[in-house]
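Engineer: Chains A and B supply the protein sequences, listed in that same order. Residue 32 in this note's numbering sits at position 32 of the first sequence; the count goes up by one each step and never skips. Just add 354 to the spot in the second sequence (first one is 1) and you have this note's numbering.
Source of the hints: derived by calculation from the structure; they are not laboratory data. It should be emphasised that the depicted structure is a prediction, and the values quoted were computed from it without experimental measurement. Don't take each hint at face value.
Claimed, not checked - Lysine-lysine pairs mimicking DSSO-like chemistry, simulated, CA-CA at most 27 Å apart:
id, chain 1, residue 1, chain 2, residue 2
1, A, K281, A, K322
2, A, K151, B, K597
3, A, K155, B, K597
4, A, K56, A, K322
5, B, K446, B, K427
6, B, K427, A, K154
7, B, K578, B, K597
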Amino acid sequence: MLQIPMNTDPDFAMAGGRLAERDLLIEVDDLRTHFFGGAGSIRAVDGVSFSIPRGKTVCVVGESGSGKSITGRSILNQVPRGGRIVSGAIRYRPDPAAPAIDLASLDPRGRDMRAIRGAQIGLISQEPMAALSPVHTIGNQMMEVIRLHLKMGKKEAREHAIETLALVGIPRPAERMDSYAFQFSGGMRQRVCIALALACRPKLLIADEPTTALDVTTQANILDLLGSLQAEFGLSVLFVTHDLGVVAEIADEVVVMYVGRVVEAGDVDTIFHAPAHPYTKALLQSVPRMHGQPTERLAIIEGMVPSRFARPQGCSFHPRCKQARAGLCDQRDPQSVGIGDGHVVSCLLYEGGQ
Amino acid sequence: MAGFIIRRLLYMIPMMFAISVVTFIIIQLPPGDFLTAMTARLASQSETIDPGVIAGLRERYGLDQPWAVQYWKWISGILLRGDFGQSFDWNKPVSELIWARMSLTMVVSVTTLLFVWAVAFPIGIYSAVRQYSVGDYFATFFGFLGLAIPNFLLALVLMFVSAQYLGQSVGGLFSPLYINAAWSWAKLGDLISHMWIPVIVLGTGATAALIRIMRANLLDELNKPYVDMARARGLSEIRLLLKYPVRVALNPFVSTVGWVLPHLVSGSVVVSIVLSLPITGPLLLNALFAQDMYLAGTFILLMSMLTLIGTLISDLLLAWLDPRIRNG
Numbered sequence: 001m002l003q004i005p006m007n008t009d010p011d012f013a014m015a016g017g018r019l020a021e022r023d024l025l026i027e028v029d030d031l032r033t034h035f036f037g038g039a040g041s042i043r044a045v046d047g048v049s050f051s052i053p054r055g056k057t058v059c060v061v062g063e064s065g066s067g068k069s070i071t072g073r074s075i076l077n078q079v080p081r082g083g084r085i086v087s088g089a090i091r092y093r094p095d096p097a098a099p100a101i102d103l104a105s106l107d108p109r110g111r112d113m114r115a116i117r118g119a120q121i122g123l124i125s126q127e128p129m130a131a132l133s134p135v136h137t138i139g140n141q142m143m144e145v146i147r148l149h150l151k152m153g154k155k156e157a158r159e160h161a162i163e164t165l166a167l168v169g170i171p172r173p174a175e176r177m178d179s180y181a182f183q184f185s186g187g188m189r190q191r192v193c194i195a196l197a198l199a200c201r202p203k204l205l206i207a208d209e210p211t212t213a214l215d216v217t218t219q220a221n222i223l224d225l226l227g228s229l230q231a232e233f234g235l236s237v238l239f240v241t242h243d244l245g246v247v248a249e250i251a252d253e254v255v256v257m258y259v260g261r262v263v264e265a266g267d268v269d270t271i272f273h274a275p276a277h278p279y280t281k282a283l284l285q286s287v288p289r290m291h292g293q294p295t296e297r298l299a300i301i302e303g304m305v306p307s308r309f310a311r312p313q314g315c316s317f318h319p320r321c322k323q324a325r326a327g328l329c330d331q332r333d334p335q336s337v338g339i340g341d342g343h344v345v346s347c348l349l350y351e352g353g354q
Numbered sequence: 355m356a357g358f359i360i361r362r363l364l365y366m367i368p369m370m371f372a373i374s375v376v377t378f379i380i381i382q383l384p385p386g387d388f389l390t391a392m393t394a395r396l397a398s399q400s401e402t403i404d405p406g407v408i409a410g411l412r413e414r415y416g417l418d419q420p421w422a423v424q425y426w427k428w429i430s431g432i433l434l435r436g437d438f439g440q441s442f443d444w445n446k447p448v449s450e451l452i453w454a455r456m457s458l459t460m461v462v463s464v465t466t467l468l469f470v471w472a473v474a475f476p477i478g479i480y481s482a483v484r485q486y487s488v489g490d491y492f493a494t495f496f497g498f499l500g501l502a503i504p505n506f507l508l509a510l511v512l513m514f515v516s517a518q519y520l521g522q523s524v525g526g527l528f529s530p531l532y533i534n535a536a537w538s539w540a541k542l543g544d545l546i547s548h549m550w551i552p553v554i555v556l557g558t559g560a561t562a563a564l565i566r567i568m569r570a571n572l573l574d575e576l577n578k579p580y581v582d583m584a585r586a587r588g589l590s591e592i593r594l595l596l597k598y599p600v601r602v603a604l605n606p607f608v609s610t611v612g613w614v615l616p617h618l619v620s621g622s623v624v625v626s627i628v629l630s631l632p633i634t635g636p637l638l639l640n641a642l643f644a645q646d647m648y649l650a651g652t653f654i655l656l657m658s659m660l661t662l663i664g665t666l667i668s669d670l671l672l673a674w675l676d677p678r679i680r681n682g
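Model the full structure from these sequences, guided by the hints.
Structural biologist: Dropping the structure here:
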């Protein structure tokens, strides 16, 4: 990897010392997505910044409730009922030469946003069983999205749909066009979902735990498929998962989230071999090791993810953190600091030049 | 699909047989028969009738034979000669009495069903999509009101409104001018102008129920992942709504035809007496009072037939709508 000289500009340090001319498809900047309900508002995404380089895979990892899925949905500007993006920017640059579009500023139901959804940004989810209409054929749903965005005639759209189904490895795609979702196995359904998401050849695929509901063999097949499609189309992938094994296999860059915030981000080698944040370290230690002793107990992270309504003061992780320092971590909110080549950590231990 | 229809039609044969037997037994259950009921009625008017005459009549009608023999005479007449027997009370063949009323009953029921659908469908969708909005509360309030108001009361109020403010003749399905007239466009127009009261009265309860059903079904579907995924493909909200969740929520809606149809037919007795509608309800009630067994039996048999047909129609619609049923 190219070594870049350390930059002393504070703004540059905030962004993790990234090269300004890096070709970024998406830049998420201080994104806040909150949910409003009877019991008060929940800050599901609370000031998240990261970026997705063109043609690369960025993995967002975190426990349940870390806000990783909502971050993915926010990029589509399609937050579940009750929630909305309250501030921040999502700069989307489909053409490197043209000015960026701020997705967060578009009307979630408006024409501009709808023209991007499905056409330029595709989504696959963790529930391939429920993600397809139970009463429409695969062909019906494929042709619908193709004709909506690509302005093709019926015949042309059908051929394009069959071609896409073949691409994702559906056997006898022309026949399967008339099949219904319940006539496919789980793995095949996820392939159909991928075909639907990629039918219009988008620039970004948001994959929200796409392999969680699948068995390990199918999971490996789907990951291989995503890898080959990415190489073929120059696709960027935002992969949301809690499975560190999957991350190690596919990620170029990793964003670690905890209770709505990014605690650490960096390239995959750095995160796995030189993690900086105590939370990332603890996460990695809780994964079983191939050459560990059979009698060895797995490390656990003490305590629970804090309630969304009662976020602890100071660093959200301090009640569970072994390195927490009383009087500091329970008082001050940590800021993101760049500590190396694209490596950002949000921890008070690293503030003030440690 | 053809196999499905044929199978369903074949199932109907033993079902109809069972219904006809049960119908006949139920009609025979009250002590006595038409002649004892008649004797009692005459006695209450201080008239007497010669027991010999009664015995002669009983023998002539076969009322002294066991029920199985009577059942066989009745059912074989229907199957072999299309003869539904004789109405003792009216002293006419049953078939002469029922067809006009059965067909008007069907007209009223089907119109009511269409009315119920036309009203419940959009309001149900609105109530679900705008859950807890003012409009939803409004629809819910009037829905429960519609369920709670007894039909006969609503009938009386609407009759009053119609007579007092709209100047229509009260009750019935026709103006006096047209009751015995042959069918013509004018008579049809007259029927339509009289139809709205029974349609509203009979339809309110079912409409309110179907609004609740549609709302609940759609609320279940609206947050399903397939809706979210379709939205993520860039579909507009209205197109999305009508194509995916409404389509799936339609299944239980359609299957209600099976129960709404017989409910409309049998639930209309009180209303049709209040509104003096020339449909089956009042005639059936009288036949049951008088123990006019062939007339009552035929009515119940035909209504059961309607129920079976209604269920069949709703099953066929379901199979047509939902591939999981069709192929499953």
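Engineer: For the pair supplied as a hint, K281(A) and K322(A), is the alpha-carbon distance within the 27 Å limit?
Structural biologist: Between K281(A) and K322(A) the Cα gap is close to 11 Å, so the pair holds against 27 Å.
Engineer: Given the hint that K155(A) pairs with K597(B), does the C-alpha gap stay at or below 27 Å?
Structural biologist: With a Cα-Cα distance of about 21 Å, the restraint between K155(A) and K597(B) holds, given a limit of 27 Å.
Engineer: Taking only the CA atoms, is the gap from K578(B) to K597(B) under or equal to 27 Å?
Structural biologist: Status holds; Cα separation ~14 Å.
Engineer: For the pair supplied as a hint, K56(A) and K322(A), confirm whether the alpha-carbon distance does not exceed 27 Å.
Structural biologist: 34 Å, violated
Engineer: Hinted pair, alpha-carbon criterion (27 Å max): K151(A), K597(B). Please report holds or violated.
Structural biologist: Since the Cα atoms of K151(A) and K597(B) sit roughly 20 Å apart, the hinted pair holds (cutoff 27 Å).
Engineer: Checking one constraint from the list: CA of K446(B) to CA of K427(B), max 27 Å. Satisfied?
Structural biologist: Roughly 17 Å separates the two Cα atoms, so the pair holds.
Engineer: Between the alpha carbons of K427(B) and K154(A), is the straight-line distance 27 Å or under?
Structural biologist: Given that 27 Å is the threshold and the Cα spacing comes to 63 Å, the pair is violated.
In terms of the numbered hints stated before, the structure departs from hints 4, 6, listed from lowest to highest.
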